[in-house]
Amino acid sequence: MAERVAIVGVGQTVTKSKRPDVSTAETCAEVVEAALADAGMTMKDIDAVVTGSMEIADGYHNPDKWIIPELGAVGKSGFELQNVGTTGGVVACAGFALAASGVFETVLCVSWQRMDESVGAFGRGGGGLNEYWTRQYPMSPITNFARRTFAYMTNSGCKEEHLAMVRVKQDQCAMKNPHAQLKLGLTVEKVLESPVLAWPMRYLHMCPSSAGAAAIIVCPEKKARKVSKKPVWVEDYFTAHQGGGVTMAEDPSASTLKHACRTIYKRRGITNPKKEIQAWEVYEPSSSAELRWIEEVGLCEDYTAWKLFEQGKVGIDKEYPFNPSGGVTATNPIGATPIIRVIEVALQLRGDAGEHQIPGKIDRGLATAYGGQGENVVMLLRRSL
Amino acid sequence: MSAAEKQEKKEEFITFRYPRTVVYKHNLGYQSKFAHALKMGRILATKCPVDGRMTIPPRVVCPMHHVKQTEWVDQGQRGKLIAVFKINFPMFDSRTGALKNWENPIVAVELEGGARIDGWCSETDPSKLKPGMILEAVWRPPEEREGKAYDILHWKPVE
Chain A
16 MAERVAIVGV GQTVTKSKRP DVSTAETCAE VVEAALADAG MTMKDIDAVV
66 TGSMEIADGY HNPDKWIIPE LGAVGKSGFE LQNVGTTGGV VACAGFALAA
116 SGVFETVLCV SWQRMDESVG AFGRGGGGLN EYWTRQYPMS PITNFARRTF
166 AYMTNSGCKE EHLAMVRVKQ DQCAMKNPHA QLKLGLTVEK VLESPVLAWP
216 MRYLHMCPSS AGAAAIIVCP EKKARKVSKK PVWVEDYFTA HQGGGVTMAE
266 DPSASTLKHA CRTIYKRRGI TNPKKEIQAW EVYEPSSSAE LRWIEEVGLC
316 EDYTAWKLFE QGKVGIDKEY PFNPSGGVTA TNPIGATPII RVIEVALQLR
366 GDAGEHQIPG KIDRGLATAY GGQGENVVML LRRSL
Chain B
289 MSAAEKQEKK EEFITFRYPR TVVYKHNLGY QSKFAHALKM GRILATKCPV
339 DGRMTIPPRV VCPMHHVKQT EWVDQGQRGK LIAVFKINFP MFDSRTGALK
389 NWENPIVAVE LEGGARIDGW CSETDPSKLK PGMILEAVWR PPEEREGKAY
439 DILHWKPVE
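Protein chains in written order, with my numbering: chain A, 16 to 400; chain B, 289 to 447.
Since the hints were made in silico from the structure, they are not lab data. No experiment lies behind these values; they were computed from the predicted model shown. Mixed in with the good hints, there may be bad ones.
To give an idea of the chain B side of the interface with chain A (calculated C-beta under 8 Å), a few residues [claimed, not checked]:
#1 Glu299
#2 Val310
#3 His314
#4 Leu316
#5 Lys321
#6 Ala325
#7 Pro345
#8 Ile370
#9 Ala371
#10 Phe373
#11 Asn376
#12 Arg383
#13 Asn392
#14 Ile394
Below, a list of computed lysine-lysine pairs in the DSSO-like style, where the Cα atoms sit at most 27 Å apart [claimed, not checked]:
#15 A/Lys31 with B/Lys294
#16 A/Lys174 with A/Lys273
#17 A/Lys33 with B/Lys297
#18 A/Lys174 with B/Lys297
#19 B/Lys298 with A/Lys31
Backbone N, C-alpha and C define an ideal beta-carbon position, used for all residues, glycine too.
Make the full structure from the sequences, and use the hints.
Structural data, given as structure tokens:
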């Protein structure tokens, strides 16, 4: 029988657009040292290391060969993974599974992205889908979300002003997060004045190019209780990598998030996610994505989330405290972004989120990863078991 | 701080370029029939025997039902516009990596046969394109076709 596992240490960079002061390996070392310090551990305590970045965007292959030595982790059992934008999500889930297996006592999960070092490399990805077919189109996050958002607005009645309201809310949250990258002091007017990249996506609607990293340390229950005063328990997780080839054929705005959440909710007996889950950090690479994802995680009916923003119901201290960190539209070191979502939920559960802490009792949180044309990873975390 | 100390503290970067052209030659397998049909000016999709769902690009196995898809269905030359966007900035061409301006909007089209396909639209003003409009395929001359998406030059609104 698999063991219950907990996150006992977390570390994330203050993400920036450029980090000329450090190499990729040193960026990773920053967050590993922070996670070890948070857990009260040293590298001697680590049994296995899971690593990953979105390699196509970094421009190199098998980076663990030179990053692991610079972490001082040579000789540990190592696993390297990648899956487009959800890479950090599969790294975290693999870490959870390894710790639950009983084979390893302490697992370190590290993800990163240095988009400042490889401008243009992203275009080689071909949209993360079919090499023969999708690669022939100019697919990028911008065009992906232009199409999704067009379909969303067609189906929902959502206007450009509502997209701008989402972006302002994200910015207001990011202003309170010391690790966030973009803190712009936005207004609806400023968002609507920004240049159109591919209508309806404007410049300010899209996530930035980022350089950053994130790490977590995961242990089985016995060790977690011994080393940590505030373990964050891993309740469940699901990786849905069917992608847009399936979901977008039915609805261009949809992803696999609904399927992943429904699967987990059923397994955990969750019937009212709004009431039973208090903290949400959902991977939204654009302001419009936040609208659709709020619906797909089950907080409201399809094509109605824009009304919540019109009614002023979304914010850290409001009825829907969705993405209190400011989310991915403010900060997106792609490979690391899903682990940042996990860390932000963990901070909320521990009561350590500082100025962007959601008020009230937080017992359960949900973190996700998004990538490609509709892939998702969903991770459910608890403060108590 | 001395000039030497300043120089020591300055960040150094290493830049790589790879001027050699790498040619990838991927076998299309089951999709070869689809590519051949494009060269002939036809759009084919595979059909799921369980729910009748059409897939482009074709797949041997239905992704949802894990059954073999042996039926190929001609999707016709017309379809309904589902979504559209126009790229307003110089964006890379995934085929070459070169930055280029994209004059024609990209459209998602639901074909007469039921499958969906992406393509470029002849109408360059996206505000004139509405969901539900009927679009028709305009093909490149046969001698220019390569069994690829851009064998369809663009999708033209039907008056």
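Outcome of the hint check:
1. Glu299: Hint on glutamate 299 of chain B: holds, closest Cβ of chain A at ~5 Å, below 8 Å.
2. Val310: With a closest approach of 11 Å, the valine 310 of chain B hint is violated.
3. His314: 6 Å, holds
4. Leu316: Result: holds, 6 Å to nearest chain A Cβ.
5. Lys321: 13 Å, violated
6. Ala325: 14 Å, violated
7. Pro345: Holds. Min distance 4 Å.
8. Ile370: At 6 Å from the nearest chain A Cβ, isoleucine 370 of chain B passes the 8 Å test, so the hint holds.
9. Ala371: 5 Å, holds
10. Phe373: 4 Å, holds
11. Asn376: 5 Å, holds
12. Arg383: 6 Å, holds
13. Asn392: 11 Å, violated
14. Ile394: Isoleucine 394 of chain B check passes; min Cβ-Cβ to chain A is 7 Å, inside 8 Å.
15. A/Lys31 with B/Lys294: Holds - the C-alpha atoms of lysine 294 of chain B and lysine 31 of chain A are around 24 Å apart, at most 27 Å.
16. A/Lys174 with A/Lys273: Judged against 27 Å, a Cα distance of about 23 Å means the pair holds.
17. A/Lys33 with B/Lys297: With Cα atoms ~17 Å apart, lysine 33 of chain A and lysine 297 of chain B stay inside 27 Å; holds.
18. A/Lys174 with B/Lys297: 51 Å, violated
19. B/Lys298 with A/Lys31: This hinted pair holds, its Cα atoms lying about 19 Å apart.
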